[in-house]
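Chains as they are written, first to last, in the numbering used here: chain W, 1 to 291; chain D, 1 to 358; chain A, 1 to 280.
Keep in mind that the hints were calculated from the coordinates and are not lab data.
Each hint should be verified, as a subset may be incorrect.
To be verified - Listed below are the simulated DSS-like cross-link pairs for lysine-lysine, each with C-alpha atoms no more than 25 Å apart in a straight line: (1) A:61 - A:40; (2) D:9 - D:23; (3) A:61 - W:128; (4) D:9 - D:217; (5) W:95 - D:217; (6) D:217 - D:23.
From a predicted model like this one, the values you see are computed outputs, not experimental measurements.
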Amino acid sequence: MAASADTYARPAFDRTLLLVVPAAVFMLLLFVYPFLYGLQLSFRPKEGGLLWNYIHFFTTDNLWPTIGITLKLALPATLINVGLALPIAYKMRVKTRYQRVVTTLLVVPITLGTVLIAEGMLLYFGPKGWLSHFLQLIHLYDGPIRLTHNYWGVLISLVISGFPFAFLLILSYITGIDPVLARAAATLGAGPGAQFRHIYLPLLAPGLAMCFCLAFVQAFSVFPSAVLLGAPAGPTRVISIAAYEAAFEQYDYSLASAIAMVMGFVQLVIVAAVLGMRRVFYRGPVSGGKG
Amino acid sequence: MKHDFSELKLDRVTRRFAGAGGKAFNALDELSLTVKRGEFIALLGPSGCGKSTALNCIAGLLGLSGGSIWLDDERLDTLPPEQRGFGMVFQNYALFPHMSVERNVGFGLRMRGASTAAIAPKVERALAMVQLAGQAHKLPGQLSGGQQQRVAIARAIVIEPPLVLMDEPLSNLDAKLRIETRAEIRRIHRELDRATIYVTHDQDEALSLADRIVVMKDGAVQQIAAPPEVYGQPANLAVARFMGYRNVLDLEVSGRDGGEVSLSGGGIALRGVAMQPIEGRRAAVAIRPEEFTVGAPEGANTIAGRVDNVEYSGRDALLDLVTASGTVLHVRGPVSIRRGDEVRVHVPPERVLVYRPD
Amino acid sequence: MNAGSLAERVWRSLLLGLMTLFVVNVGLLIAAVATSSFAKRWLGTWLPEGWTASWYSAAWKEFQLGSVLWVTIEVVLAVVVLSLLIGVPAAYTLARRDFPGKRALMLLFLLPLMVPPMTYGIPLATVLYQAHLGGTIWGVILANLIPAAPFVILVMTPFVEQIDVNLENAARVFGAGTGRMFVHVLLPLLGPGVLAASLLVLVRTIALFELTFLTAGGDSQTLVVALYYAVFAAGVRAPQSVDAMAMIYMLVTLVWLLIALRFVNPTQLVSRVKEQPQHA
């Protein structure tokens, strides 16, 4: 379809291509260049040799553990989000008015953003919040609940802001699969479970891998909720906080860039691992036959 | 799931949908039909007539709003599609894009828990039957439209279903392939010796394939009959129009004599056969273009007119004939006729079908 | 279709329960902020002791919300307009032409959406400060454009693809030059897509925290960053006025969200969706 206009002879240079230039230049200037600049800056530390920043990062007690702390938050959060989103999105794949309402409700946390969610959680999940009151009322748990200013607060906020994202993404993948395929499977004797296992899951695998990556990348860069809801000095001192402090509190842009590069690298490793796994599965069109 | 059956019975099968403004309408209205083993049934009608709804109801992909479906004495309409054991060929084939041809065809057998050893020879035989023996390891995306089509047929027949359902399976093929595949479908049907229900909007397909044709319109059955009868004696005006009776004239009834009716109007006088009881003073006659003889002498059942348009079609030509009163008739005639010629055409009374006007 | 087995029904109610739990808790969370913003005093009871709307005027003055809102509007409008100007032509080319390096270019436009803002935000902020754009409103706009422009491209490319290329050819055959073809044929057809893309960018930009946070100075904060500082420094000010500010932020977002959802499918907020009508 894209090339069907090109069958007749045209001038040596297609001027339409110029339309893509502003976007390309913009991205090179503001995305690629800063990234490369940051990379070389990370090798020019304030003091010491070429790799000083990286050596410093991996030998300093309040820096290198941030990787583990962040992973400990991001991996469970991603697993919960994708794991919950898949069955729910699968249930909601049929277009109904109900689906529209639910997806709309789920969009709200995405657009509110992490800051507002953090503020709301401080009030609602706080030791004197409604949840605490409610649990005491039904005598489920009488002590003051501690869901803020610790690991759990950050994890919950990652689920609240991350689940809708995963849900909508998976939903868009699922609705892209031609439902006629499942119906064909049904006429061949596949029950609901077999339809999911043999038709939807293999066709969804690339999308799920993608969703896992995007959800993980989001969770891994957690920042405002780790500060506002967690214990930013200790158990939720995530890698973003370390990078931010280096840049804007110590004004050591070189170290900050190095931390950002480490952060990018860890993400890259996880993303590459997951995407590598998806090659095992089928990749191709998700509709049956032509048409 | 038994393979040894004698008939499939649809008993007043009805499906309602919520229409515009929340008003329910019957997409399928009390379809009753008994399909014998070995029979090839075509559901024929224009788009939106309810034929696909009927097929999906039989397959179990749509629930019924009323009526029941029986395979001999086993009630089927309460079962989900995966327990009915029918084979179905979908309009766009619905081949599983992530499975090879072989796995697509073997899917139904795997779902029935057959062992790999048992599946392989059956798949091989089914692929041989549709002449795709060498393509077993390809993905559907690597096949041509016609090949995909045949994989879809193989997938439906490999499970040896009592009934194969086909939903406009040829609509995505080009004209030449369509004719070839048509013959193949008929052959496969004969070899299987089960029953086939085939949905189409193409009269030629229905006439050439089916043992019986079910003509549908607006969700209601218009006629159930063998192809020659549907072709020669349409049950009502709607069926006649759909089956190629291009001349439909609204005339005044001037006399009745048993089954014969005399009609006139606009300078035309015709005698014809009543296909329905004619009570009113007006009736509609339906005549195929090819029933006319061009160049007849003056006499009963003749109409004179001037040729206004000639559409050459090889062996003969399709003429537009305008009578003195301005009525236009479509007539098949010899290719020697030119635009502007004055001609007289004759049609035998038994080929003038008289219906109640609609 | 069929009633389903017991296990299936248990599974269905479990899913329904989880969804309800999620929606109810998020709803209550928002309600808690709303309640607090109208509370005279609210210390560990079910409901506050009294109600007042005065925190809103307090928040407006304390946090200079007037100027913050104005900055937010300026930033968001500039980001929407610029991202459309950059993104729509690029989307058109990507949809219509094949050229060497197209895949690399697609990757370049995808990356900013895959890499979290925090990772490239810090080097970006460094560069912007060096170019003396850091801390200014232009720095904030440029930073926000980095995810916005690719997003427009990704939303618009399938949209252009689904417009039959023959319509353009027809316009040319009937004598329209490139300019007139664009105005009379392409623009009207692209209209809904452009509207959708701009609403999506708008909603996302209002809520985008990290990049603005890293590049904004004292007088170029948007609402979400101002809210962060307010929550961060809670204790200095009455919590109710922070909550009043949160409510103002939420209303701004929700209004645009509701407008956006009239025109777009919710799943478009996170992904490009090809809406192909299923032929019957």
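Evaluated hints:
no., hint, verdict
1, A:61 - A:40, "18 Å, holds"
2, D:9 - D:23, "30 Å, violated"
3, A:61 - W:128, "28 Å, violated"
4, D:9 - D:217, "21 Å, holds"
5, W:95 - D:217, "28 Å, violated"
6, D:217 - D:23, "19 Å, holds"
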